[in-house]
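Enquirer: All chains, please: the whole structure from these sequences, using the hints.
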Amino acid sequence: MTETTSVRTSAGFTYARTYLTRLIILVCALSGLGAMYFTSPQVSGVANELQLWNTAAATWTLFVGIITLSRRYVVSIINRRTYWPYMTYAIVLTPLWVIMGVYAGVYSDLYQTAFLSTKVTLHIAILGQLVYFLLSGSYRVLRMKSFRTALYAFFALTMVVVNSSWMLAIFPQVDKLGYWLLNNPAMAMQRTLTISGAIGGVILSMRILMGLERGSLRATEGA
Amino acid sequence: MAKIPELKSQYIWLVVLLVYISTGAFTLNAPFQMSQATVDAYNYVESLKPGSICVLGGGNVFAFDLESSAGQIAAIKQIARKGLRLVEFPTGVEGIMFHRYCIDAARVDEKYGGPWKYGRDYVLLPYVPGGTIAVVAFLTDVHALISTDLFGTPIKQVPLMNEMHSYKDIALWFMPHWAAETYSPYIIGERGVPLLFFAQASNYVTAAVYMNIYPDKMWVTNGFLGGAQYEKLVGSPGLGQSAVDGYTILSGAFLGFVLLGNMTLLSDVRRKEKVEVKQ
Amino acid sequence: MISTDPWVWISAFLTICSFSLLYGDNPLFRIAEYTFTSTVVANSVVTSIPTLRDRFMPLFNGTKPWFIIPLALGIMSLFVVWRKYAWVASFPYALFLGVNTGISMRGAVGTTIIGNIRAVMQEGAAILIGSPTDQLGYVVRIVFTVSGMIYLFFTLFLKGSLAKPMGYVRTFGKYAWLVFMAIMIGNGVQQYSGLATSAMNRLIRTWLGF
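Residue numbers (the numbering used here), protein chains in the order written: chain L, -13 to 209; chain E, 10 to 288; chain P, 2 to 211.
Check each hint, because a few of them may be wrong.
Calculated pairs, DSSO-like style, for lysine-lysine (alpha carbon to alpha carbon, straight line, at most 30 Å) [what the hints assert, rightly or not]:
(1) E:283 to E:58
(2) E:17 to L:131
(3) L:131 to E:281
Incomplete in silico selection of chain E near chain L, CB under 7 Å [stated by the list, open to error]:
(4) 18
(5) 139
(6) 143
(7) 161
(8) 163
(9) 164
(10) 176
(11) 217
(12) 260
Cβ pair distances, simulated, as ranges [stated by the list, open to error]:
(13) L:152 to E:278: 29 to 39 Å
(14) L:95 to P:151: 21 to 31 Å
(15) E:224 to L:185: 22 to 32 Å
(16) L:95 to E:178: 29 to 39 Å
(17) E:279 to L:126: 14 to 24 Å
(18) P:134 to L:197: 45 to 55 Å
(19) P:134 to E:27: 52 to 62 Å
(20) E:38 to L:26: 56 to 66 Å
(21) L:158 to P:122: 46 to 56 Å
(22) P:209 to L:152: 25 to 35 Å
What the hints contain is simulated information worked out from the structure, not anything from laboratory work. All figures in this text were calculated on a predicted structure; none of them were measured in a lab. Cβ atoms here follow ideal geometry from the backbone N, Cα and C, with glycine treated the same way.
Expert: Next up, the structure:
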């Protein structure tokens, strides 16, 4: 194959790849929309089948984490980068955990206990630590240096206090204030965020359907 | 006013540690306020007919969902007492473990002396990836989406699943996870299934937007406090009450440190003013 | 009385390792960190076994032989980790993107945009109905929503006669955002406090037996 033919074949292959992915996106998106807005059992059937295909194919992405982690850690261990002994420990622990889980079963008491005692315990402890940083950060940040900071500090402190039990003894109506703040000013601003995000999402979806969001699927890379 | 020195963060952390050690060692049973939204949610569950099928669906991160588990475990006790049934449908990887944890913690299975039997009164389904897509497919046709339960038994051999085919068979959807705002348009908006969301505190306001859109079909509780409220209504204090105890003292410490910080700022400002005047 | 369950001891050890970060970075914290990473990743693999069995049961028992297509697409999705062959993963990701786009557009338009606008209009109609706190609440909701949207969308400075009034509205919207963030932070403290309580209770009550 000459160089020109090779370049033409590669360009043609890239062209086919790009437009095939766009076609897949268009068909899948229109099936989802069509199932909602058209009372056609055939369209609903196609949409439902594509959703089942999606859930089936997406299961394989559960392996992406272990592949990525293994590649990164093995390279770091070989090159003796920072924390390489801990990465060695992780590389040994991961397959042992997988063997234990597959042998015992994800639904077994052993696996449930092991998971709760390790991963869940660690995650709760890590998140629980944040309250320490929250308190020390609040001590420094919630200071009334200007109107803005005073406003911020006032409302943050109010929310913390109205949720507490001891305030109930002093002002029995304080719980209504807390829910009023959450359900009115806070909910209104969250609604603004939600509407703005939805408008952005719809515009992005339309750009994807029109093929204007290029490159995100890497269809034009490699080969 | 004498200058108040800035506290080092380590001293603040030490105080917080002492707060939690004291609440761990001593049970306060601190009182707390009741929310009308929680009462409405409880009353709706009480109004469901025995034999109705509820779904415990969704699933994200176990550690965050622990906050929701306070109310969810109490709700499971309530529905077991009322003779309702439960299908557990995890759409997060850790949802399997979390849903099982809720069932075990509620002690409703017959192995703990409870009224429920697996397969007849509750079913654990396997994780289905896809998030929103999984939920939409589940609501459309359960048997097309799910082939086996978590233990590998074909669902046609599970008695409860023979009565569960689509959203029409669902009386109430429990959501003890993050994603109520993502799923509620499809659960409530498109199919009219009521939803009870045991929200995490940081997610309450996000869900309140949808509670406002569907006022008679969506109820949201507020974090550990909401969980404690639901536990009180059901009559079984647990994690929610413990969290309220810890928060009772922590909120006082929070107020104290913020006031101290502002007094430090004030003393610093006054000292600088005096220096400027002298100059 | 102190617990004799080895899992409780492992749990207590890992909790202490995690909290040791408050003292400073140390080997115990690193052990906890890498244990966390390993168990998360390994759990994904363990969960995949019953999930794959359930997802592809129609293929295994012959009821849906065309499920060979999502099987192939799923395996292709793993190529995303190799830069040279990442384009192979573009086809399954096109499927994920397409199905998600169609479904999310439904929810975004039907509920999030139209539902919220309808809610604002209903609140406008109910301003004079109900108790004073309810009426005040409806007014606050409408004013905050409108000013917040103006602040977000009209980031370009307007000129002409509308500039000054819009400037005031934008300033009010800015302070409304500040109030919102403050309320969120204040309400969120109970979340992290509860998790810290749970962690400490595991140490003090479950492990040490107080």
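Enquirer: Indicate, hint by hint, whether the structure satisfies it.
Expert: Tested hints:
Of the supplied pair hints, the one linking residue 283 (chain E) and residue 58 (chain E) is violated, its CA atoms being roughly 74 Å apart against a limit of 30 Å. For a cut-off of 30 Å, the pair hint linking residue 17 (chain E) to residue 131 (chain L) stands: about 20 Å separates their Cα positions. Under the criterion of a C-alpha separation no larger than 30 Å, the hint pairing residue 131 (chain L) with residue 281 (chain E) is consistent with the structure, at around 14 Å. At its closest, the beta carbon of residue 18 (chain E) sits 4 Å from a beta carbon of chain L; the interface hint therefore holds under the 7 Å criterion.
With a least beta-carbon distance of about 4 Å to chain L, the hint placing residue 139 (chain E) at the interface is held under the 7 Å criterion. This hint holds: residue 143 (chain E) has a C-beta 5 Å from the nearest C-beta of chain L, less than the 7 Å allowed. For residue 161 (chain E), the interface hint is violated, the least distance from its beta-carbon to any beta-carbon of chain L being 9 Å, above 7 Å. Among the interface hints, the one on residue 163 (chain E) is violated; its C-beta lies about 16 Å from the nearest C-beta in chain L, farther than the 7 Å criterion.
With its C-beta approaching chain L no nearer than about 15 Å, residue 164 (chain E) sits outside the 7 Å limit, and its interface hint is violated. Because the smallest distance between the Cβ of residue 176 (chain E) and any Cβ of chain L comes to about 13 Å, over 7 Å, the interface hint for this residue is violated. Residue-level restraint check for residue 217 (chain E) holds (minimum Cβ-Cβ distance to chain L is 4 Å; threshold 7 Å). Restraint check, residue 260 (chain E) versus chain L: the minimum CB separation of about 4 Å is within 7 Å; hint holds.
Taken as a hint, the range 29 to 39 Å holds for the pair residue 152 (chain L) and residue 278 (chain E), whose Cβ atoms sit roughly 30 Å apart. The given range of 21 to 31 Å is broken by residue 95 (chain L) and residue 151 (chain P), whose C-beta atoms sit roughly 57 Å from each other. Restraint check, residue 224 (chain E) to residue 185 (chain L): a C-beta distance of roughly 24 Å satisfies the suggested window 22 to 32 Å. For residue 95 (chain L) and residue 178 (chain E), the Cβ-Cβ distance of about 31 Å falls inside the hinted range of 29 to 39 Å, so the restraint holds.
As the Cβ distance of residue 279 (chain E) to residue 126 (chain L) is approximately 19 Å, the hint placing it in 14 to 24 Å holds. One distance hint, 45 to 55 Å for the beta-carbon pair residue 134 (chain P) and residue 197 (chain L), holds here, with the actual separation near 51 Å. Between residue 134 (chain P) and residue 27 (chain E) the Cβ separation comes to about 39 Å, which falls outside the hinted range of 52 to 62 Å. Under the hint 56 to 66 Å, the C-beta atoms of residue 38 (chain E) and residue 26 (chain L), about 59 Å apart, fit the expected range.
Under the hint 46 to 56 Å, the C-beta atoms of residue 158 (chain L) and residue 122 (chain P), about 35 Å apart, miss the expected range. For the pair residue 209 (chain P) and residue 152 (chain L), the beta carbons lie near 27 Å from each other, so the given range of 25 to 35 Å is met.
In summary, the structure is inconsistent with hints 1, 7, 8, 9, 10, 14, 19 and 21 from the numbered list given earlier, while agreeing with the others.
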